[in-house]
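Participant: So the chains spell out like this:
Number of protein chains: 2
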Amino acid sequence: MTIHKFAFADAKLERSPGQDGDVFTGNLLDQRHGGPVTIGFGRFGPSQTLEETMAVHDTMIILEGTITVSDGHKSVTAGRGEIIAMQKGDKVKIRSHEDGAVTAYVTYPHWQ
Amino acid sequence: MTIHKFAFADAKLERSPGQDGDVFTGNLLDQRHGGPVTIGFGRFGPSQTLEETMAVHDTMIILEGTITVSDGHKSVTAGRGEIIAMQKGDKVKIRSHEDGAVTAYVTYPHWQ
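Which chain is which? The protein sequence lines are A and B, in order.
Just so you know, our numbering puts 16 at position 16 of the first sequence, and the rest follows in order with no gaps.
Just so you know, our numbering puts 73 at position 73 of the second sequence, and the rest follows in order with no gaps.
Excised from the complex, chain A in its bound form:
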């Protein structure tokens, strides 16, 4: 393998699996490349909500806007340059605010 550079414009965004809201994700590095992690970008429209049970460990870096994640016990809100880490098996509600959000994500193991 080799070094890679990824920009948001490189991502082919598709609607996030299992939901019909304004949340789009695009993998840029994944099992096709042989490494251990999946890397991609996500885009949330304003005031969107996703509820899911995490299939993988997911580190989400907020590049624009604001994201709130709650797991029933705890709620965290992160803005630009901040990180939210979710663990495999966590039942979470992921919510964008009025300004929407752009995120980068790194998952282990691979996610699609």
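If you are wondering where the hints come from, they were derived from the structure by calculation, not from laboratory data.
We put the CB at the ideal spot given by N, CA and C, even for glycine.
Keep in mind that the hints are not guaranteed to be accurate.
Stated by the list, open to error - If the Cβ cut is set under 8 Å, some of the chain A residues that face chain B in the computed set are: (1) Thr-2; (2) Ala-7; (3) Asp-20; (4) Phe-24; (5) Gly-26; (6) Leu-29; (7) Asp-30; (8) Leu-50; (9) Thr-66; (10) Val-69; (11) Lys-74; (12) Gly-81; (13) Ile-83; (14) Ile-84; (15) Gln-87; (16) Val-106.
Unchecked claim - Distance condition first, Cα-Cα at most 16 Å in a straight line; then the derived EDC-like pairs of lysine to aspartate or glutamate: (17) B/Lys-5 - A/Asp-90; (18) A/Lys-5 - B/Asp-71; (19) B/Lys-88 - B/Glu-52.
Place chain B on chain A using the hints.
Facilitator: Using the frame of chain A, we list chain B on its own:
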């Protein structure tokens, strides 16, 4: 485990291992927490250079400034909101520019 939020100000920055330049890193989630990845923030002063053989797979998200990574065959430059992915075993030169840089990183497996 549970959900976590991390901000740059949370990181206890220390000089990056094996070098004496103006490059500081701070882990926020690592083997102490039981998950598979290490998450942290880094800060590069202006025009710093690190040469190393990657001990882990490292995804670096540029939060401020600019970083160039070269492996002898290829050179990539990334700015705010862009990602550089390096693989375990890569021999790399990591360089900041005049404006320095702030980065977030996610490594697999753990790094310290």
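Participant: So, against the hints stated earlier in the document, which numbers end up violated here?
Facilitator: 3, 4, 5, 7, 8 and 9
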